[in-house]
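Undergrad: Next come the chains, spelled out residue by residue.
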Amino acid sequence: MSLQSLDIVSRSATTTPSPSVRTTLEIAKLIDVSSCIGCKACQTACMEWNDVQEEVGQNAGSFDNPKDLSDKSWTVMKFYEVEPAGKLEWLIRKDGCMHCTDPGCLKACPAPGAIVQYANGIVDFQSEHCIGCGYCVAGCPFDIPRISKQDSKAYKCTLCSDRVAVGMEPACVKSCPTGAISFGSKEDVRQHAEQRVTDLKSRGFQNAGLYDPQGVGGTHVMYVLQHADRPELVALPKDPAISPLVSVWKGLTKPLALLAIGAAALGSFFHYIKVGRNEAEKPEVTDKVET
Amino acid sequence: MTQVERYRARERINHWAIALCFVLLALSGLALFHPSLFFLTHLLGGGVWTRILHPFIGVLMFALFAALALRLWHANWITALDRQWLKQWQDVLAGRKERLPDAGRFNGGQKLLFWVMAGSMLILLLTGIGLWRPYFAPLLPITLVRWAALLHSAAAVVLILGIVVHVYAAFWVKGTLDAMLGGKVSAAWARKHHRAWYQSLQDRQP
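As given, the protein sequences belong to chains E and U, one line each in that order. Each residue of the first sequence is one higher than the one before, counting from 1 in this note's numbering. Each residue of the second sequence is one higher than the one before, counting from 1 in this note's numbering.
What the hints contain is simulated information worked out from the structure, not anything from laboratory work. Positions of the beta carbon are idealized from the N, C-alpha and C atoms, including for glycine. Do not take every clue at face value.
Stated by the list, open to error - Computed footprint of chain E on chain U; a stretch qualifies when at least three of its residues, placed anywhere within it, have a C-beta under 8 Å from a C-beta of chain E: (1) 86-98; (2) 128-139; (3) 152-162; (4) 168-175; (5) 188-200.
Unchecked claim - Computed list of lysine to aspartate or glutamate pairs in DMTMM-like fashion (alpha-carbon distance at most 20 Å, straight line): (6) E:Lys-153 - E:Glu-128; (7) U:Lys-192 - E:Glu-128; (8) U:Lys-97 - E:Glu-281.
Based on the sequences and whatever the hints tell you, model everything.
TA: If you want it as structure tokens, here you go:
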């Protein structure tokens, strides 16, 4: 059994239920885009705690550094200069895994146990079981998993499952100097978010709100957005859901295909039983049997 | 008993090379398709080896099939007689050969299967390239990769169903397996199952 505080409730490519008797607290991380100053302490803390360090690269013409998520950069601050109400706003969003309640990566993964979901809501990659097929990339509605060029394994934010297991908050939360990232039970975090939204509304952001998209069953990383009606301003999908292509591929086709192949094989067998061998030469009949 | 040549050694070797590739591909593909069949990844040495080897075997099978198809596509052109043959599928299944139009070198069912195989293998090749990691999938937009995944599975199921029918037909019609193993069939076999072809062979005799 895994660490008991990390009971697994869902496991990739597994058709039977996981142990689900114990219940545990559902956790969540809240990222308040309106309080972020873009200092990148969270990025640094992530690299340090998880022992991953990207090669020094090239400046891509913005503050985004590195330019995108990678196998070694599990979180990246993304900077957006937008004018939603004719007024320039500089929005900074910490990008990374959303830890969906209904994770597309886990649904798409063909390797048993390579992706697991803990009872507390964290979706984690067990990289030693990963076969490098990249189906998780196709399954994810948020474009998060990255396949490493070094070892062909998939990587993404673990929500510091190892820290959470022993009662600590994720490294990014610990390092945030403005309190823009908070962590706790999903219930508590939602309440905190409500306060933030009320505060933002009183400051003139009428469309401020919580980003906890229900198309993926809600997430365990949520955002407070100044413009929750237009999440695309910070490159978040408006109504994210697992692509219907992935749902059909991983849902309907699996039982249908096996059924069809089984039926063809069985049908053939019983056809033989019914019709018998199809022979070109009739064996010579020597004895006549009166009927 | 007189015998006639049906497949040359080159065609037989080509056919069985495709068959071996197909078995490896179908089993390793099903292993990644359905969790209940994941144990089949052991055939190619585990999950990672399955991911690595499956596409290369796939390209090999396509090339081998293309070589055979180039020799046989003309003989598999579907004619009005073949369409009539296919329409009488109930007579085919019941083994009522006498009611069916005379078949040429290949009958309507074999020809249909040929084109099903050609079509599904082409789809499998193109979508397979779209799914191929680490080489090609990272270069494509994600929607295309998702379509590739779905179509690859669908085409694979069609191909597997086609091969189930193909294998069973070869088992049911006695003498057929010998044609692909040793290359020869009896005159009686040719007369019964491919009368028009047999006739054309007779006509060619001096």
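Undergrad: Run every hint past the structure and note whether it holds.
TA: Going down the list of hints, with the structure as the test:
Here the segment 86-98 of chain U counts 3 residues with a CB under 8 Å from a CB of chain E, which clears the bar of 3, and the coverage holds. Check on the segment 128-139 of chain U: 5 of its residues sit with their Cβ under 8 Å from a Cβ of chain E, so the three-residue criterion for coverage holds. Check on the segment 152-162 of chain U: 5 of its residues sit with their Cβ under 8 Å from a Cβ of chain E, so the three-residue criterion for coverage holds. With a threshold of 8 Å between beta carbons, the proposed coverage of the segment 168-175 of chain U by chain E holds, since 6 of its residues qualify and at least three are required.
With 5 residues having a beta carbon nearer than 8 Å to a beta carbon of chain E, the segment 188-200 of chain U meets the requirement of three or more and the stated coverage holds. For the proposed pair Lys-153 of chain E and Glu-128 of chain E, the alpha carbon gap of about 8 Å is at most 20 Å, so the pair holds. A threshold of 20 Å between alpha carbons decides the hint, and for Lys-192 of chain U with Glu-128 of chain E the separation of about 58 Å lies outside it, so the pair is violated. Taking the CA atoms of Lys-97 of chain U and Glu-281 of chain E, the gap is near 13 Å; set against the 20 Å cutoff, the hint holds.
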